[in-house]
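Colleague: Sequence:
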Amino acid sequence: MIRAHTMYVALLANRYLTSRIIPWIAVAAVALCVALVVIVVSVMSGFLDMLRTSGKTMMGDVVIRFPISGIPHYQDLIDDLESLPEVAAATPTIDTFGLIEMPYGTGDGNNLVETVQVWGIDPQSFNRVSEYEDILWWKTPPQEEIASLPADDLRLDPARDRSEAAMLMRDPTTGQPGIVPGIQISVFNERRADGTYGFEGGDSNYWMPGKQVELTLVPIKGGRLSIEPESRAFSIVNEFQSGVFEIDDNRVLISLEDAQEMLRLGEGRLYDQTGKIDPETGAPLEIGTSPARATSIYLRASENVTPEQVRIAASTAYDRFWSDNAQREDRSVKPPFPSRVTVMTWEQQLSSIIAPVQKERELMRILFSIVYIVCAGLVLSIFWAIVHEKTRDIGILRAIGASRPGILGIFLIYGLVIGLLGSMVGVGLGWLVVTNINAIHDGLGEPAPIWLTISTFVIAATLLAFSIHAALKGSILRWLLGLIGCLVIGVVGSAMALHRGFLLWDPSVYYFNEVPSQMDWFTALLTMGGAVLFSVIGAAIPAARAADTDPVKALRYE
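In our numbering, the protein residues as written are 1 to 558.
No incorrect hints appear here.
Below, simulated EDC-like cross-link-like pairs (lysine to aspartate or glutamate); rule was C-alpha separation at most 16 Å, straight line: (1) Lys334 - Asp319; (2) Lys56 - Glu131; (3) Lys211 - Glu101; (4) Lys139 - Asp152; (5) Lys56 - Glu246; (6) Lys56 - Glu133; (7) Lys334 - Glu267; (8) Lys139 - Asp161; (9) Lys56 - Asp134.
No lab work stands behind these hints, which were simulated from the structure alone.
Whole structure, please, built from the sequences with the hints as guidance.
Modeller: Structure (structure tokens):
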């Protein structure tokens with residue numbers, strides 16, 4: 001008896017689903033709602049993940065920072081930090097701003113001068129903490145990437161490999177100090193749709209390595225600007241591409257020693273500031289040596305160690321470093337107080353960017369939860385119409401012995417199948433769009449293919465002919481459907497004919513060069529479950545109405 005009950009419930013649910021087109025409209029509606037949520041939240045989640053990844057690309061896991069004046073005796077601190085089990089590597093840097101005079105003009109007889117963020121680095125230790133060697137652009141590409149590169153990519157020429165020069169921060173020919181600017185700084189570097197870079201007009205004379213630039217920095221002493229800015233000529237030894245537009249467009253890297261010399265943060269003589277004079281020379285009295293300084297120390301965590309654990313260990317190490325130096329009488333220059341030194345994880349450094357994006361993503365999830373109500377409303381309205389239409393069938397079923405739970409089960413299974421099919425199609429559609437979103441974006445940036453535009457107009461003309469034929473036959477529905485289809489396809493074709501390409505994702509606005517294309521499976525599964533649940537809820541009310549049908553009243557006029 002139970003088996004027979006199950007069979008007729010499943011049989012009728014399947015018949016109602018496959019015999020009419022209206023249930024498939026509900027499936028399509030649920031699919032589009034789910035796809036909308038999956039695409040939007042996946043892009044936002046991808047953006048958040050890219051922010052987090054980029055944060056570690058060039059700054060490691062934790063930073064100890066004392067800007068402008070810097071931390072003296074920093075090498076002792078680094079040695080102490082690298083002895084900790086939580087720390088895999090540490091590197092000193094100097095962070096400042098400057099002016100760079102590029103090797104090309106502005107059209108008025110002067111070279112272009114830009115404001116840049118300047119990082120002084122020790123390439124070897126910086127590479128152990130960050131991904132410095134990986135982000136250098138002018139180096140031989142990995143073997144697996146060579147086949148996909150365009151034939152005119154200069155990196156295919158071994159003579160263009162400048163990775164060794166970038167690791168030495170010296171011009172291999174002249175021995176001149178080297179500089180590594182971001183790939184976006186040169187106005188002649190044009191990013192292609194495939195992510196590679198070419199040159200404006202295809203002219204390789206605009207290749208930057210080997211060209212000369214002049215960098216100007218302003219030293220600061222005692223909290224005041226120095227009277228004389230420091231300028232120095234550098235040779236471009238490479239360019240880097242981190243994938244973060246703001247970094248690639250504004251940052252240049254020089255050696256730590258050059259930065260220390262230009263900002264007067266290197267080792268030097270220390271003179272008495274109270275006016276005492278050396279009786280032998282008549283010059284200010286020399287009282288010791290001023291140690292070299294670094295404004296930041298970046299740390300990389302050991303395996304299976306969290307950035308927060310490294311931060312705690314680094315804070316303790318700095319307290320110990322300060323205490324040891326404060327007690328040493330042979331050191332006249334003391335490190336800054338621990339309370340004035342910032343020790344942060346990479347996520348804390350980017351909190352002003354990451355936190356708003358996290359909140360926006362959660363807000364979008366909450367706002368898009370209205371999609372579940374839409375799914376329930378669609379299923380409810382469609383099922384209500386179906387129940388009204390099938391009143392006679394329901395009455396017959398009740399008359400021949402179908403139970404109320406059986407009738408209820410037919411429509412609940414009906415709603416469950418619609419929710420499952422719609423949500424699975426929606427997740428699949430969302431995955432397809434998200435994983436190909438950069439190709440879609442690049443396609444929107446180009447004029448529509450002529451063959452596609454012509455095909456669209458041919459389809460519109462075919463629908464118009466169908467509409468006219470239906471009108472002559474007296475079919476109002478077919479005439480209307482054909483006319484609507486003709487108008488919609490015609491508008492699409494006209495838009496494609498007028499389309500000349502437009503930019504949706506501007507790297508200068510959205511921080512990254514590419515649209516995030518990482519699928520958020522947690523959101524996808526959550527949305528899928530919500531769509532199924534609310535589809536069943538939407539089907540429950542019409543199902544209950546069907547179960548309450550009185551067979552006598554339903555068949556009274558039959």
